[in-house]
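Student: Protein chains in written order, with the working numbering: chain A, 3 to 432; chain B, 31 to 184; chain C, 84 to 267.
Simulated from the structure, these hints should not be mistaken for laboratory data.
These numbers come from a predicted model, not from an experiment.
Careful: at least some of the hints might be erroneous.
Stated by the list, open to error - Listed next, the in silico DSSO-like pairs over lysine-lysine satisfying Cα-Cα at most 30 Å (straight line):
| no. | chain 1 | residue 1 | chain 2 | residue 2 |
| --- | --- | --- | --- | --- |
| 1 | A | 238 | B | 182 |
| 2 | A | 244 | B | 162 |
| 3 | B | 104 | A | 179 |
| 4 | A | 155 | C | 226 |
| 5 | A | 155 | A | 71 |
| 6 | C | 177 | A | 132 |
| 7 | A | 241 | B | 108 |
| 8 | A | 71 | C | 177 |
| 9 | A | 214 | B | 162 |
| 10 | C | 218 | A | 410 |
| 11 | A | 128 | C | 221 |
| 12 | B | 152 | A | 238 |
| 13 | A | 395 | B | 152 |
| 14 | B | 162 | B | 152 |
| 15 | C | 183 | A | 156 |
| 16 | C | 177 | A | 155 |
| 17 | A | 214 | A | 244 |
| 18 | B | 152 | A | 244 |
| 19 | C | 183 | A | 395 |
| 20 | A | 179 | A | 128 |
| 21 | A | 238 | B | 88 |
| 22 | A | 365 | C | 218 |
| 23 | A | 345 | C | 221 |
| 24 | A | 363 | C | 221 |
Said to hold, decoys possible - Incomplete in silico selection of chain C near chain A, CB under 7 Å:
| no. | residue |
| --- | --- |
| 25 | 186 |
| 26 | 194 |
| 27 | 238 |
Unchecked claim - Pulled from the structure, derived: some chain A residues nowhere near chain C, Cβ distances all over 10 Å:
| no. | residue |
| --- | --- |
| 28 | 24 |
| 29 | 30 |
| 30 | 76 |
| 31 | 158 |
| 32 | 231 |
| 33 | 234 |
| 34 | 242 |
| 35 | 325 |
Heads up, the beta-carbon is just placed ideally off N, CA and C, and yes, glycines get one too.
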Amino acid sequence: MNVLKSIFLILLFISSQSTLSQLRIEITGGAEDPINVAVVPIDWRLEFPQEEYLHEIIKTDLESFGEFKVLPPKGMLSFPSTEEEVFYRDWRLLNIDYLVLGYANKSEIDGDLKINYFIFDIAREKVIHKAIMSGPIKSIRRVAHNMSDKIYKKIQGISGIFSTRLAYIDKPSVDDKNYNLRISDIDGYNGISLFSSPQPIMSPNWSPSGDKMAYVSFEEGTSRIFIQEISTGKRKGIKLEKGINSSPNWSPKGDKLAAVLSREGNPDIFLYDLTRNSWRQITEHFGIDTEPDWSPNGKSLLFTSNRSGSPQIYQVNIRTKRVKRLTFEGTYNARARYSPDGKSIVFVHRRDGVFHIATQKIKSGKVRILTDTSLDESPTISPNGNVIIYATKKLDEDILAGITIDGKTKFILPSLQGETREPAWSPILD
Amino acid sequence: MTLTRKSFLIILSFFIAACGSISNERTSDASAVSTSASGAYSDQGITSSNILYFAYDKSDINSEGRAKIRNLAKIINKEGLSVRVEGHCDERGTREYNLALGENRAKTVAELLVINGVSSSKITTVSYGEEKPAVSGSNENSWSQNRRALIKTF
Amino acid sequence: MSFSNIFSIDIESLSLYEIDPIPAYIIYEQPKKQIKNKKIYISKEKKPDQQKQQEKIVISEPSIALEEITNISRIPEKNFNRDIVNFSQSEISKYSSIIKQQVMSQWKKPSTITGDLITEIRITLVPTGEIINTKIIKGSGIKSFDDSALTAIARVESFEGLQMPSNLFEKHFRQFILVFNPNK
Numbered sequence: 003m004n005v006l007k008s009i010f011l012i013l014l015f016i017s018s019q020s021t022l023s024q025l026r027i028e029i030t031g032g033a034e035d036p037i038n039v040a041v042v043p044i045d046w047r048l049e050f051p052q053e054e055y056l057h058e059i060i061k062t063d064l065e066s067f068g069e070f071k072v073l074p075p076k077g078m079l080s081f082p083s084t085e086e087e088v089f090y091r092d093w094r095l096l097n098i099d100y101l102v103l104g105y106a107n108k109s110e111i112d113g114d115l116k117i118n119y120f121i122f123d124i125a126r127e128k129v130i131h132k133a134i135m136s137g138p139i140k141s142i143r144r145v146a147h148n149m150s151d152k153i154y155k156k157i158q159g160i161s162g163i164f165s166t167r168l169a170y171i172d173k174p175s176v177d178d179k180n181y182n183l184r185i186s187d188i189d190g191y192n193g194i195s196l197f198s199s200p201q202p203i204m205s206p207n208w209s210p211s212g213d214k215m216a217y218v219s220f221e222e223g224t225s226r227i228f229i230q231e232i233s234t235g236k237r238k239g240i241k242l243e244k245g246i247n248s249s250p251n252w253s254p255k256g257d258k259l260a261a262v263l264s265r266e267g268n269p270d271i272f273l274y275d276l277t278r279n280s281w282r283q284i285t286e287h288f289g290i291d292t293e294p295d296w297s298p299n300g301k302s303l304l305f306t307s308n309r310s311g312s313p314q315i316y317q318v319n320i321r322t323k324r325v326k327r328l329t330f331e332g333t334y335n336a337r338a339r340y341s342p343d344g345k346s347i348v349f350v351h352r353r354d355g356v357f358h359i360a361t362q363k364i365k366s367g368k369v370r371i372l373t374d375t376s377l378d379e380s381p382t383i384s385p386n387g388n389v390i391i392y393a394t395k396k397l398d399e400d401i402l403a404g405i406t407i408d409g410k411t412k413f414i415l416p417s418l419q420g421e422t423r424e425p426a427w428s429p430i431l432d
Numbered sequence: 031m032t033l034t035r036k037s038f039l040i041i042l043s044f045f046i047a048a049c050g051s052i053s054n055e056r057t058s059d060a061s062a063v064s065t066s067a068s069g070a071y072s073d074q075g076i077t078s079s080n081i082l083y084f085a086y087d088k089s090d091i092n093s094e095g096r097a098k099i100r101n102l103a104k105i106i107n108k109e110g111l112s113v114r115v116e117g118h119c120d121e122r123g124t125r126e127y128n129l130a131l132g133e134n135r136a137k138t139v140a141e142l143l144v145i146n147g148v149s150s151s152k153i154t155t156v157s158y159g160e161e162k163p164a165v166s167g168s169n170e171n172s173w174s175q176n177r178r179a180l181i182k183t184f
Numbered sequence: 084m085s086f087s088n089i090f091s092i093d094i095e096s097l098s099l100y101e102i103d104p105i106p107a108y109i110i111y112e113q114p115k116k117q118i119k120n121k122k123i124y125i126s127k128e129k130k131p132d133q134q135k136q137q138e139k140i141v142i143s144e145p146s147i148a149l150e151e152i153t154n155i156s157r158i159p160e161k162n163f164n165r166d167i168v169n170f171s172q173s174e175i176s177k178y179s180s181i182i183k184q185q186v187m188s189q190w191k192k193p194s195t196i197t198g199d200l201i202t203e204i205r206i207t208l209v210p211t212g213e214i215i216n217t218k219i220i221k222g223s224g225i226k227s228f229d230d231s232a233l234t235a236i237a238r239v240e241s242f243e244g245l246q247m248p249s250n251l252f253e254k255h256f257r258q259f260i261l262v263f264n265p266n267k
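One chain only, chain A, in its complex shape (with noise of 0.2 Å):
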């Protein structure tokens, strides 16, 4: 029995040496530069010439945060549209990570362009991704964002923000004496407004299917809260209260906001339920509550208050009400957003008397500036977490701006109309 167990245990030595010997080498981070993509211009099968070039508008897209650099055609030494077609080799010359080609023919059925595509890893030889992407040749700007979106979750591994659109304000200018509340794709294309006023429009917010906006607006004399739906136009103002009527932010599951009332004498949180169409007090507090945002599990808020002297970020539990202070760094920290994995928070913070956007991972209360920007307001994130849109001012002009998340990456959105305000990204859309 003892040469049988001591057998049993020698082996059980012997496996464990083979993991214990093994060599493990760490590795702790990887190459800063951008991943090189090549996008070969799609191999056009239909009678017609294309209006606008898929791989420009894909090249673009994928350019836009500084995580990509695309070769553009006259790079290329050939220009593959199957499979069969591509010699790796090449690619791995021109230091190309991962290629995109394809064909697009009219789709017999329906008339739309039909895209049969494929992503290579040249790396490693082989297809990654085959689809076929299909959609009206009327919306050729779309079809190549979605290919753009897919893309990008192939490689990044968290979704694409192409398809999304932005909503932002604009003041009255010389051209147009009326607020604008207006939504455009996020390359700043087909902008459209959504609701015109001479009597100012604040705080846009989307509804979580992408289908409502909820908005203030000052048309009857004071602040008041709007729902438009916005394939038809058709507007609602929720139950007006005394006072403030303000800062709607749409719940997860889109059956209530959460907003500010002042009726009862000060500005708190409350939440409107969307089928009762009743309100149900949050915040009890004499000082100032405002601007909730609705956690992504739908079960706590983020707010701004003043009780403790000067505006700070707290969080409250919808269901208990009990209330935690979040920023404790700083003389002025206020309109929060939960990043979508609901870890960390993105709001404006001021630092020797200027207003950054800043971050904060909740738990560690460690607060990150992002913008070397000032007089920053009004942050809204991507629906995959990666990127920051803000309001800020350039030579005395409202403008919006954005950063990566890592801070990396800054650019500025270019001037759509006039002067623009209260950036709102719209969730992913589909």
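Assemble the complex: chain A is given as a structure, and chains B and C must be docked to it using the hints.
Tutor: This is chains B and C only, laid out in the frame that chain A set:
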């Protein structure tokens, strides 16, 4: 269908499913419609006697302001006017928070009017936060002109 | 019984070949007399039942295992064949760094937002440095993260600057594990 043929087809279908089946992706269209409001309300009849100014982040009123309110209160009561007090802020800070600050300013003025004998039922208060500045410009000169409360009578 | 729990000992603190008292699985290119010597060492230094005793102890408790292994490492040098090269930590570190640097320069990791992801991949080389086999032994659960690691290795293709004594190569670098852990 014989057993072998059936199993062949089943195997074939697995094979097709397994070897990187081509997925189908579809674009959808999203349209939007515009609307507008005429805006029943407008600004009129404002003179310097109706404006009070505030220090940064404050809603308290100085003696000059108090004097203005006293005078206005007399006129309001004499002529039986209604009052609308508007609170405004400069652009610094977040918009919704400024809406709340503007309300503090409007309410402070309203309270003083009441103290000076104006019936509270005649007074409405509104805050515009930083949404309707009097002047543009990102400097103290402009900001100080925007931190104000307007007393409108009608 | 999970050996990774019991032997959570940092490899780097041990003198390596001494923890292989049973030579059966070791493949050397060097003359076999080394192996023979090892056998001799074992039979000279320890009585059979003491050896068995020792192995039993090693497995039963982690603390004892650690102690026993440390004891092995303290055995006086004169008992070992001088032909056996004492692989110093610095040599292993030197080549590990070369490998690490080359993999890192080719790793374009995806911007995954969530979580602390770790992927472990076993690499098999030939003495020229060429990678002949890669296998994920522990995935992160996120395919694109795992794929990016495999792609990085594929881009390296063949490591440069790994000329080293062949017994060092056989011992540690013919097969080793790359731990992709960007959260450290």
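Student: Each hint should be assessed against the structure and marked as holding or not.
Tutor: Going through the hints against the structure:
no. : hint             : result
1   : A:238 with B:182 : 29 Å, holds
2   : A:244 with B:162 : 21 Å, holds
3   : B:104 with A:179 : 37 Å, violated
4   : A:155 with C:226 : 11 Å, holds
5   : A:155 with A:71  : 16 Å, holds
6   : C:177 with A:132 : 42 Å, violated
7   : A:241 with B:108 : 36 Å, violated
8   : A:71 with C:177  : 33 Å, violated
9   : A:214 with B:162 : 26 Å, holds
10  : C:218 with A:410 : 33 Å, violated
11  : A:128 with C:221 : 22 Å, holds
12  : B:152 with A:238 : 29 Å, holds
13  : A:395 with B:152 : 40 Å, violated
14  : B:162 with B:152 : 24 Å, holds
15  : C:183 with A:156 : 25 Å, holds
16  : C:177 with A:155 : 37 Å, violated
17  : A:214 with A:244 : 25 Å, holds
18  : B:152 with A:244 : 15 Å, holds
19  : C:183 with A:395 : 44 Å, violated
20  : A:179 with A:128 : 57 Å, violated
21  : A:238 with B:88  : 35 Å, violated
22  : A:365 with C:218 : 36 Å, violated
23  : A:345 with C:221 : 26 Å, holds
24  : A:363 with C:221 : 28 Å, holds
25  : 186              : 5 Å, holds
26  : 194              : 5 Å, holds
27  : 238              : 4 Å, holds
28  : 24               : 6 Å, violated
29  : 30               : 5 Å, violated
30  : 76               : 24 Å, holds
31  : 158              : 4 Å, violated
32  : 231              : 32 Å, holds
33  : 234              : 35 Å, holds
34  : 242              : 40 Å, holds
35  : 325              : 27 Å, holds
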